[in-house]
Amino acid sequence: MTEPRIQLLDDLGAEFARVAATPERARSRFWPEALSASSRSVLAIGLSVLALVAAGAFAVPPTRAAIEDIASSFAGWIAGDEEQAPGRARRPEDDVPYWFRAGGNTRVVAKADGVVLYARFVQSEDRPQIEFGLGEDLGVIVGDSAEGWRRRFEQHAVVVLGPALFGPQDQLDDRGRFPLLGVTARSVKRLELRYMDGPSLIQRHVDGGFVLIADAWRKPRDLVAYDAAGRVLERSDVNGIDMRYVCDKEPGCPSR
Amino acid sequence: MADRGESNLRKATREPSAFAAFYAEHSLQLLLFFTRRTFDIEVARDLTAETFAQAFEHRRRFRGSTDEEAAGWLYGIARHQLGRYARTGKSERTALTRLGIQLPSVSGEDYERIVELAGLADMRDRMVTAFSGLSEDQRDALRLRVIDERPYPDVAAALGVSEQTARARVSRGLRRLADAIEMTTTQEVAP
Numbered sequence: 001m002t003e004p005r006i007q008l009l010d011d012l013g014a015e016f017a018r019v020a021a022t023p024e025r026a027r028s029r030f031w032p033e034a035l036s037a038s039s040r041s042v043l044a045i046g047l048s049v050l051a052l053v054a055a056g057a058f059a060v061p062p063t064r065a066a067i068e069d070i071a072s073s074f075a076g077w078i079a080g081d082e083e084q085a086p087g088r089a090r091r092p093e094d095d096v097p098y099w100f101r102a103g104g105n106t107r108v109v110a111k112a113d114g115v116v117l118y119a120r121f122v123q124s125e126d127r128p129q130i131e132f133g134l135g136e137d138l139g140v141i142v143g144d145s146a147e148g149w150r151r152r153f154e155q156h157a158v159v160v161l162g163p164a165l166f167g168p169q170d171q172l173d174d175r176g177r178f179p180l181l182g183v184t185a186r187s188v189k190r191l192e193l194r195y196m197d198g199p200s201l202i203q204r205h206v207d208g209g210f211v212l213i214a215d216a217w218r219k220p221r222d223l224v225a226y227d228a229a230g231r232v233l234e235r236s237d238v239n240g241i242d243m244r245y246v247c248d249k250e251p252g253c254p255s256r
Numbered sequence: 257m258a259d260r261g262e263s264n265l266r267k268a269t270r271e272p273s274a275f276a277a278f279y280a281e282h283s284l285q286l287l288l289f290f291t292r293r294t295f296d297i298e299v300a301r302d303l304t305a306e307t308f309a310q311a312f313e314h315r316r317r318f319r320g321s322t323d324e325e326a327a328g329w330l331y332g333i334a335r336h337q338l339g340r341y342a343r344t345g346k347s348e349r350t351a352l353t354r355l356g357i358q359l360p361s362v363s364g365e366d367y368e369r370i371v372e373l374a375g376l377a378d379m380r381d382r383m384v385t386a387f388s389g390l391s392e393d394q395r396d397a398l399r400l401r402v403i404d405e406r407p408y409p410d411v412a413a414a415l416g417v418s419e420q421t422a423r424a425r426v427s428r429g430l431r432r433l434a435d436a437i438e439m440t441t442t443q444e445v446a447p
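Chains U and D, in that order, give the protein sequences.
Residue numbers for the first sequence follow this note's numbering, so the first one is 1 and each next one is one higher.
Residue numbers for the second sequence follow this note's numbering, so the first one is 257 and each next one is one higher.
No wet-lab data here; the hints were simulated from the structure.
A hint or two may mislead.
Short derived list, chain D residues pointing at chain U, Cβ under 10 Å [unchecked claim]:
hint, residue
1, Ala268
2, Arg270
3, Glu271
4, Pro272
5, Phe312
6, Ser321
7, Gly345
8, Lys346
9, Thr353
10, Arg354
Listed below are the simulated DMTMM-like cross-link pairs for lysine to aspartate or glutamate, each with C-alpha atoms no more than 25 Å apart in a straight line [as the list claims (entries may be wrong)]:
hint, chain 1, residue 1, chain 2, residue 2
11, D, Lys267, D, Glu324
12, D, Lys346, U, Asp95
13, U, Lys219, U, Asp173
14, U, Lys219, U, Glu192
15, D, Lys346, U, Asp94
16, D, Lys267, U, Asp10
17, D, Lys346, U, Asp242
18, D, Lys346, U, Asp207
19, D, Lys346, U, Glu192
20, D, Lys267, U, Asp11
21, D, Lys346, U, Asp113
C-beta: ideal position from N, C-alpha, C; glycine also.
Please work from the sequences and hints to get the whole structure.
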């Protein structure tokens, strides 16, 4: 009898075959969609920053951390310097969701409309680990070793970690929007999410991370990070994060 | 050289490409294993993918050699994933993230086929029967906790009982529902 075909298993099998065929050292560790999309676009970071960062590692001394990418702001945290860490330390009144409570030194990196981006630093079995919690009632934990994150973050001023849901029932809010979360270098002070059409979404006062409440009914194009002087530090391609399919199931989206 | 009868998982400790054969042998049954326990095909897909990702990452820790031992080892990871999901309501993606594996979407065709293969329709009938066989107290407790997803203090307040009693009612109700579907799940190949 012929085995029934399940396309998703075939596709997943192809992914494992690809990973198995990749030499371990070269294996990609990127977060599947959002992160790989942004990481592919190594963009307009200033040459001076690039030159300094290229020689650096997570354990950069504080003086060098001032000239930084995302990796260096996390380096301060790992080294125990809370001043250099993104966001703020967790407070007793923070209602950390149950799925992100266990252990670790937890920080609130960014927050908007009740959706929080958490980060925690965990000393696991053999190596330090950084995990990000995306969402509230229903969330996703994105984790990797500190070294893995350093490689992803170095030479980037902005990295998208992924979209989140407002809750188990409502993927979008009542205006048809979804949370988009990520981290930034400390020099990033403003973000602009540009769509394929229509006005951009601007977020000011950025401090190490972001929760953008983005329109799900419009296809996004790129996320632009600016410093305090209005210079473009990086443009991250986000057109892979197309949430328009969710609009078909949610009443909040304006008709397209 | 591979020994005669050596499992593909064992081979994969030397030749990573053998992992594809190990995946092909077990992926469908594992997907159905998770589907029957979560009643959610997307969650089952996530748990299947993460289980194989962890198996791939830790394949060198596998100490057995036969297919049976390899299946037992894989289902050990699977049960751990399922337990974590039951406790947290979340499927983990840590190993998938580390490996950079993209999760495929579930098409309508796949959905129908998986429902059929997992025998979900039959299981739902059993669940409905079992649910109606619960005491009213247990049904109310389960409805509040599982369907409405309310925290235990709320469940207790709504039922006018202590939190401990509310937890006991939910627990006993779930146990009886689990017993009801046991007849179906024990037909699986689950080492």
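Quick rundown of the hints versus the structure:
no.: 1; hint: Ala268; verdict: 7 Å, holds
no.: 2; hint: Arg270; verdict: 12 Å, violated
no.: 3; hint: Glu271; verdict: 9 Å, holds
no.: 4; hint: Pro272; verdict: 4 Å, holds
no.: 5; hint: Phe312; verdict: 7 Å, holds
no.: 6; hint: Ser321; verdict: 20 Å, violated
no.: 7; hint: Gly345; verdict: 7 Å, holds
no.: 8; hint: Lys346; verdict: 5 Å, holds
no.: 9; hint: Thr353; verdict: 5 Å, holds
no.: 10; hint: Arg354; verdict: 5 Å, holds
no.: 11; hint: D/Lys267 to D/Glu324; verdict: 14 Å, holds
no.: 12; hint: D/Lys346 to U/Asp95; verdict: 18 Å, holds
no.: 13; hint: U/Lys219 to U/Asp173; verdict: 17 Å, holds
no.: 14; hint: U/Lys219 to U/Glu192; verdict: 14 Å, holds
no.: 15; hint: D/Lys346 to U/Asp94; verdict: 21 Å, holds
no.: 16; hint: D/Lys267 to U/Asp10; verdict: 21 Å, holds
no.: 17; hint: D/Lys346 to U/Asp242; verdict: 23 Å, holds
no.: 18; hint: D/Lys346 to U/Asp207; verdict: 29 Å, violated
no.: 19; hint: D/Lys346 to U/Glu192; verdict: 31 Å, violated
no.: 20; hint: D/Lys267 to U/Asp11; verdict: 23 Å, holds
no.: 21; hint: D/Lys346 to U/Asp113; verdict: 22 Å, holds
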